[in-house]
Amino acid sequence: MITAGMDLGAKTIKIVIMKDGQVIARVKKLSGFEQEILAKEVMNEALVQAGIELDQVDKTVATGVGRKTAPFATDIITEVGAAARGAIARNPNLRTVLDIGAEEGRAIIVTPEGRVKDFAINEKCAAGSGTFVEAMARALEITIEDFGPMSLTSDKAVPMNAQCAVFAESEVVSLLHARTPKNDITRAVCDAISSRIVSMARRVSIEPEVILIGGMAYNVGFVASMKRTLTEMVIQVPDNPEFVGAEGAAWIAHDKLGG
Amino acid sequence: MPQKKEFWRWKEYNWHDEDIDPHAGEIISAGVDVGSVSSQVVIIVDGKLYAFSSMRTGSDSPDSARNAMSWALENTGLEIDDINFVVGTGYGRVNVPMAHKAITEIACHARGANFMYGPKVRTILDMGGQDCKAIRCDHRGKVTNFLMNDKCAAGTGRGMEVFADLLQVSIEDVGELSFKVDHEPDPVSSTCVVFAKTEAAGLLRQGWNKNLVLAAYSSAMAHRVFTLIERLGVEPEFAITGGIAKNIGVVHRLEDELGMKALSSDIDSQIAGALGAALFAKALYEKKMKKK
Amino acid sequence: MIANYGYMDGSGEYYISIDTDKCIDCSHHGCVDACPVGMFIIEPDDYDDDVALIKQEFRKKVKYECAPCKPVSNRPPLPCIKACTPGAIGHSW
Ligand code: SF4
Ligand code: SF4
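Chains as they are written, first to last, in our numbering: chain X, 1 to 259; chain E, 1001 to 1292; chain G, 2001 to 2093.
Hints may contain errors.
To be verified - Okay, derived cross-link-like pairs now, BS3-like style, lysine-lysine, Cα gap no bigger than 30 Å in a straight line:
hint, chain 1, residue 1, chain 2, residue 2
1, G, 2082, E, 1101
2, G, 2061, X, 227
3, G, 2022, E, 1101
4, G, 2070, E, 1101
5, G, 2061, E, 1142
6, X, 11, G, 2061
7, G, 2061, X, 182
8, X, 117, G, 2070
No lab work stands behind these hints, which were simulated from the structure alone.
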């Protein structure tokens, strides 16, 4: 049985093709203006990678903000549902999924069957998502790739007061003016966002094991801050953390076909 | 690194009333409002508006207060020691060196608005460069209910400035340009300034012109502020103070949504806080004298 | 006076309201000790009445600070509201 999962996120499109529960293709591209056309392109690439034709895919399920306009998909699932299903497939012992993407952050408690027991969301405010870090990277004139590693070189906790991405940008600029080293600022940014994420996560009863997924999981500085903030739990960061939602969608397609 | 952002811009100026001889007055009191963006000083003589100044707040609150004070005193023949009582207000109120007391900007605004617009004003909306306040007060200008928003850039001058930046238009022109459109577009749907900016960039790519985008953002902003005062409940009469009071693009759309016109006054609404502080200062001085 | 502390952002409205007229006659100011993060303080307001207010440093993050008191499901009564017998405190979310 071959299924596909598409995750049309705010910043990236991710597609996973699975054969009998094994991932055989995994493609990611930046989202753009023409979401639908791009999604088709990403799907074609994934098909090439899998070495199959579109009509060999038995079922496709879509998730992500753009899920309603997803081509090929016959079913849709919320981001929360997809993340839960994808995470449990990765590791059946997981109970808490922290999914931090470009525009949203979520804390999800999952049942052993991969169903959602409880969840909390940070949304519609850039201060609680990956966009925050991007905006600060721009203010610092560094790349997002450098951001995490740079913050690891700092051992100073500089406080950041602004709770808004717009005001925080000015705060970063004044910190620069005050000759605060850039690495200390990057760490302050990581600490600020992770403290917001952890507060949100505490609204659900966090249970071990805990996994951190979504685009922000690539940011080693953020991961380190999360570990410093959520001290009572071990946080796991899997390979390809951004694909868990798409995998979840592919799994749901698989489940629906009775696989 | 160059200072990239200029915040909500204010004209700097001072004024005093030539027809008043301050030395003939009994009580001279002053209010100093050190805001995050601009600072104002108001001097009143026996309860009459005598002089005021407005300037940008510098990086240091005490200095900003001193500068604004000397500017207000300029050419008046008054010295700082002639002033009987000074009240500090605004975000930097605890750092006003010459102040005898600090009072919140909420209480000062209500009191100042009561003076400027008369006792019938019940709801005041103050839209500053970095915050937004909604205040309800009684006929004496005493606060009965208030709320403030200084966490989020949406609904503040700063949010509008992000858009002026994006569209490369001057902040002073935003209001007028937003009406130079052939139809009123739907408001930008994201409240968050960061997400709204992304949305606007998309609209521009779809071929919207600048004015149309400004119109869409101005009505989003008007709606934002509307929600804020709705929480409080708007009781007429209603007045708007602060920097955005000068942005007709937001003000007219807000008036439409409220179905109510904002009061006007010949006194610049920007000094409402400092004026209220000066009025508090007068009352406090009288109280102190009575005790003696 | 009804004082609303907190904020509105893209994600919602987060205000703690305090009816300060009720604070004036309150004998115990239970809110101060009840709040696990110590958000409340009793201070004279602008009209010289001793009333409860939310400390400045908490005002821009009440949503986050109150999170532990507000689990998504099975929310217990909030400690601050329970402690305030005159019923001066309200939360908008
Ligand atoms: S403008 Fe700032 S506080 Fe407001 S929603 Fe956006 S990031 Fe959040
Ligand atoms: S809900 Fe909890 S943290 Fe929030 S003010 Fe009340 S007692 Fe304090």
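Each hint tested on the structure:
For the proposed pair residue 2082/G and residue 1101/E, the alpha carbon gap of about 35 Å is over 30 Å, so the pair is violated. For the proposed pair residue 2061/G and residue 227/X, the alpha carbon gap of about 21 Å is at most 30 Å, so the pair holds. A hinted pair counts as satisfied when its Cα atoms are at most 30 Å apart, and residue 2022/G with residue 1101/E qualifies at roughly 25 Å. In summary, the hint linking residue 2070/G to residue 1101/E is not supported, as the alpha carbons are separated by about 38 Å, beyond the 30 Å threshold.
Simply put, residue 2061/G and residue 1142/E have alpha-carbon atoms about 28 Å apart, close enough for the 30 Å limit, and the pair holds. Of the supplied pair hints, the one linking residue 11/X and residue 2061/G holds, its CA atoms being roughly 27 Å apart against a limit of 30 Å. Annotation: proposed proximity of residue 2061/G to residue 182/X holds, straight-line Cα distance about 25 Å (limit 30 Å). For the hint linking residue 117/X to residue 2070/G, the alpha-carbon distance of about 17 Å falls within 30 Å, and the restraint holds.
In the structure shown, a violation is registered for the earlier hints numbered 1 and 4, in ascending order.
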